[in-house]
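Peer 1: The residues making up each chain are set out below.
Number of protein chains: 2
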Amino acid sequence: MNFDAMTAAPVNSAPRRAETLAALKAEERKLMTDRELIRALETLLQHADELDEKTRREAELTRREALRLERIPADALAEHNRLLGVASAAWREAKKRDDFGLFRPYLQGVFESSRRLALLARPESDPYDTLLDENEEGMSRAFLDPFFRGLREALVPLIGRIAKRPKPDASFLHGHFPREKQLAFSRELMGLMGIDGRRCALGEAEHPYTTFISRNDVRMTTHVYEDRVHANMFSILHEGGHALYELGISEELEGSPLGHGASAGMHESQSRLYENLIGRSRGFAELILPVLKRYFPEALGGVSPAEFFLAVNRAEPSMKRTEADELTYCLHVMIRYELEKALIRGDISAEDVPRRWNALCGEYLGIVPETDSEGCLQDMHWGSGLIGYFPTYALGNAYGAQILAHMKKELDFDGLISAGNIEPITLWLREHIHKYGMLKTPADLIRSASGEDFDPRYYVDYLTSKFSKLYRL
Amino acid sequence: MNFDAMTAAPVNSAPRRAETLAALKAEERKLMTDRELIRALETLLQHADELDEKTRREAELTRREALRLERIPADALAEHNRLLGVASAAWREAKKRDDFGLFRPYLQGVFESSRRLALLARPESDPYDTLLDENEEGMSRAFLDPFFRGLREALVPLIGRIAKRPKPDASFLHGHFPREKQLAFSRELMGLMGIDGRRCALGEAEHPYTTFISRNDVRMTTHVYEDRVHANMFSILHEGGHALYELGISEELEGSPLGHGASAGMHESQSRLYENLIGRSRGFAELILPVLKRYFPEALGGVSPAEFFLAVNRAEPSMKRTEADELTYCLHVMIRYELEKALIRGDISAEDVPRRWNALCGEYLGIVPETDSEGCLQDMHWGSGLIGYFPTYALGNAYGAQILAHMKKELDFDGLISAGNIEPITLWLREHIHKYGMLKTPADLIRSASGEDFDPRYYVDYLTSKFSKLYRL
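Going down the list, the protein sequences come from chains U and R.
According to this note's numbering, the first sequence is numbered sequentially starting from 2.
According to this note's numbering, the second sequence is numbered sequentially starting from 2.
Worth flagging that the hints you see were computed from the coordinates, not collected in a lab.
Treat each hint with caution, since some may be false.
No distinction is drawn between identical chains; accordingly, a pair holds when it is met within one copy or between any pair of copies.
[Stated by the list, open to error] Computed cross-link-like contacts, EDC-like style, restricted to lysine to aspartate or glutamate with a CA-CA straight-line distance of at most 20 Å:
no.	residue 1	residue 2
1	182	227
2	55	432
3	467	317
4	182	76
5	182	205
6	410	287
7	321	66
8	436	352
9	168	445
10	97	197
11	436	415
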């Protein structure tokens with residue numbers, strides 16, 4: 002229903018769908034908080050050491066969710082979900098018409114409602130910490146504040162040094178690239194990535210994202226901008242990374258509550274790995290440019306792989322998070338992180354968002370959006386109730402860099418990519434990450450895949466090394 | 002889920018969706034056969050004369066469905082629905098690959114399973130009569146055999162006389178008509194028909210059809226063939242007629258079991274009314290040709306409205322039911338009616354279908370399909386369990402002609418169309434048909450809209466008069 006709502010449904014369908022989703026959520030809640038289920042889970046967990054790994058993890062995760070739901074009254078949850086249905090529709094309209102006022106009351110409502118639910122679920126915790134932990138197990142402001150500070154301290158000077166260097170030419174990425182051709186290219190790129198069209202479909206949505214119904218039913222979306230060629234290509238790489246994760250989960254986990262990616266952050270590590278670590282590598286420029294030239298010979302005919310590589314790595318502050326370069330990306334996340342903290346605490350209200358957004362944009366990125374559509378209305382997340390979710394994007398980047406550093410010890414990563422042989426990379430990821438689904442925690446997965454605990458320095462080192470070389474610092 | 006399955010879902014999603022649909026159907030059955038519900042309905046109906054019309058009709062229809070479901074064991078129903086999920090997917094593949102063998106076992110299974118359910122629901126009745134009545138209240142072989150015979154006796158000689166006349170030129174309808182332009186034209190045509198895009202979306206599907214989720218959420222689909230311009234146009238008119246019916250149902254019936262069109266046949270009367278009685282009229286040629294010329298100036302620039310009118314009314318036996326002309330259309334329905342009767346009786350089995358199909362095609366239409374894809378695999382109906390449904394298409398044509406004859410006493414039908422003023426026609430239909438939803442039976446609706454009982458002679462007269470003039474017989 003969410004995929005349908007974002008790709009196909011007429012706008013006036015929203016109120017009825019919101020009611021339907023609320024009714025389904027209420028049914029789910031009834032099943033999840035059933036006393037007999039909880040008793041059974043507790044009995045199982047009293048014998049945790051006699052259980053196999055899969056059953057134990059299923060029981061633990063299910064009990065945790067059951068206890069969370071038990072604390073939230075059914076009415077409050079139904080009301081929240083009904084609100085989200087209407088709020089997402091309002092966001093879509095507001096972004097389309099560039100009219101923040103249409104979204105403002107819903108934005109305020111979603112934050113207030115999310116705060117209320119967080120306090121019901123864990124009365125003893127700070128509500129934003131609760132939301133962070135619900136989105137990525139173990140996450141908190143105490144972890145993220147220094148994490149973001151560390152990134153900022155490393156990246157801001159680097160960005161400053163790059164700002165003084167001449168910018169590579171990226172003008173050939175802009176022009177007229179007809180929608181139909183971009184969509185045909187998208188399908189060829191999905192093929193190159195090894196995405197099985199019998200198990201994964203592509204739709205078009207205002208904001209690209211991927212939905213997972215089962216390991217045999219994944220839905221990617223993209224958004225084609227006819228005036229540029231790279232936005233859609235990186236969308237496909239990014240969403241394709243999400244898709245490959247779900248498509249690679251072990252068949253034994255089909256239908257189990259463990260049959261999805263380990264966490265939002267781990268998911269993002271895979272999408273960013275395909276988007277940036279593969280898609281913005283020198284080898285990928287060698288591979289993809291001849292393909293793009295077949296679709297757009299006039300616009301790209303005279304471009305060399307070296308020029309293409311430089312252009313797609315042009316580091317320059319811009320408005321759109323989803324199109325930001327690798328260096329500035331996390332600064333976009335920090336804007337949202339700061340706003341979420343303030344909105345949940347009640348330090349600011351929804352009406353302050355455009356002003357605060359623009360101010361933080363100026364502070365971190367040195368630029369200010371001209372419209373709310375390209376500013377605080379650009380992301381669908383808040384309208385959908387995804388609060389405390391943005392930080393997982395930054396975590397994902399850092400997870401990915403650590404995974405890559407280890408993978409490179411075993412595979413000729415760059416050689417494989419320039420040869421168009423992505424499959425060994427995907428198979429390595431399937432073997433070390435994908436197949437486990439939620440069987441391991443994100444921290445365990447990082448440890449088993451890379452041989453050590455999560456360490457954000459891999460990410461800082463990757464960016465520093467790549468961009469120092471690129472800009473001859 | 003059905004709309005998604007036909008427009009967007011990857012093919013391997015079918016088994017899981019079939020399970021999900023079966024589970025939902027089982028839940029619906031539990032609710033519908035609840036003893037307390039049935040007792041409440043019976044209490045209500047013991048006081049039927051104290052109830053308002055809406056409540057009485059709701060209670061009657063709900064009890065009828067509850068009693069039907071009560072007689073069918075839950076397992077049998079779940080199994081049937083699971084089969085339909087897989088069978089529709091198999092049909093799609095089979096049609097795509099032109100491989101009847103892929104569909105054959107599922108086709109056999111669907112007919113056997115439908116026969117079993119029909120005998121469970123009404124052990125005392127002939128199973129095909131039960132299926133016919135479930136699709137259109139009051140319908141039976143005893144009614145349809147003479148109905149079809151009457152049509153055949155009137156139409157076959159007419160077709161024979163036309164076959165001797167020179168054929169109008171329709172070659173300009175064929176050529177290259179790019180998909181994107183046809184889709185843009187489709188949206189303009191929907192606007193001309195007064196279809197509200199905020200309440201109705203358009204998708205693309207192998208076999209065009211329309212899904213009704215609520216009066217604020219209708220989904221049309223079309224199929225674009227780039228080598229001809231008229232197929233998509235008539236699909237939009239046809240599906241648009243279905244959409245306008247649902248969009249016009251009284252708001253008071255929203256959420257009620259009466260909040261959909263009165264019957265399959267009545268729905269088809271509306272779709273065929275827009276497709277043929279409006280879309281193949283002289284006035285519509287005047288109206289739509291200048292619009293088409295804007296999209297396809299090269300192909301249609303030199304065509305006059307008179308030539309266009311003749312071309313879209315070219316009466317000539319062809320393979321595809323959905324693209325058949327008005328005269329031969331009911332012969333396509335008769336092929337399916339005869340096959341269904343024989344399959345349900347067990348006189349033939351699924352493996353005989355291609356041979357029997359082609360033989361009946363030769364007998365009624367004088368032509369034989371070259372492939373099963375354009376023959377017995379052309380329709381999605383059987384794979385979806387729609388057996389006993391095809392006859393409603395013929396009934397719909399006949400209902401529509403009777404409604405039109407009466408409407409013409411009150412409206413300047415042709416003048417309104419050529420002036421591009423479709424709205425008064427739609428408002429007349431809303432007032433006399435659409436708004437009632439299922440509040441009246443099909444027979445009552447025809448009576449209240451036309452002032453007399455259903456009479457198929459209106460249909461025969463309409464065809465005879467129109468085609469005698471067209472072909473100067």
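Peer 1: Now, for every hint given, state plainly whether the structure supports it.
Peer 2: Going down the list of hints, with the structure as the test:
1. 182 with 227: both (10 Å within a copy, 16 Å between copies)
2. 55 with 432: within (17 Å within a copy, 61 Å between copies)
3. 467 with 317: within (15 Å within a copy, 69 Å between copies)
4. 182 with 76: Answer is neither; intra-copy 48 Å and inter-copy 48 Å both fail.
5. 182 with 205: Cα proximity of residue 182 and residue 205: in one copy and across copies (14 Å, 18 Å).
6. 410 with 287: neither (22 Å within a copy, 72 Å between copies)
7. 321 with 66: neither (34 Å within a copy, 53 Å between copies)
8. 436 with 352: neither (44 Å within a copy, 42 Å between copies)
9. 168 with 445: Neither, since 41 Å and 75 Å both go past 20 Å.
10. 97 with 197: between (33 Å within a copy, 18 Å between copies)
11. 436 with 415: For residue 436 and residue 415, the Cα distance exceeds 20 Å both inside one copy (24 Å) and across copies (65 Å).
The structure fails hints 4, 6, 7, 8, 9, 11 (numbered hints given earlier, in ascending order).
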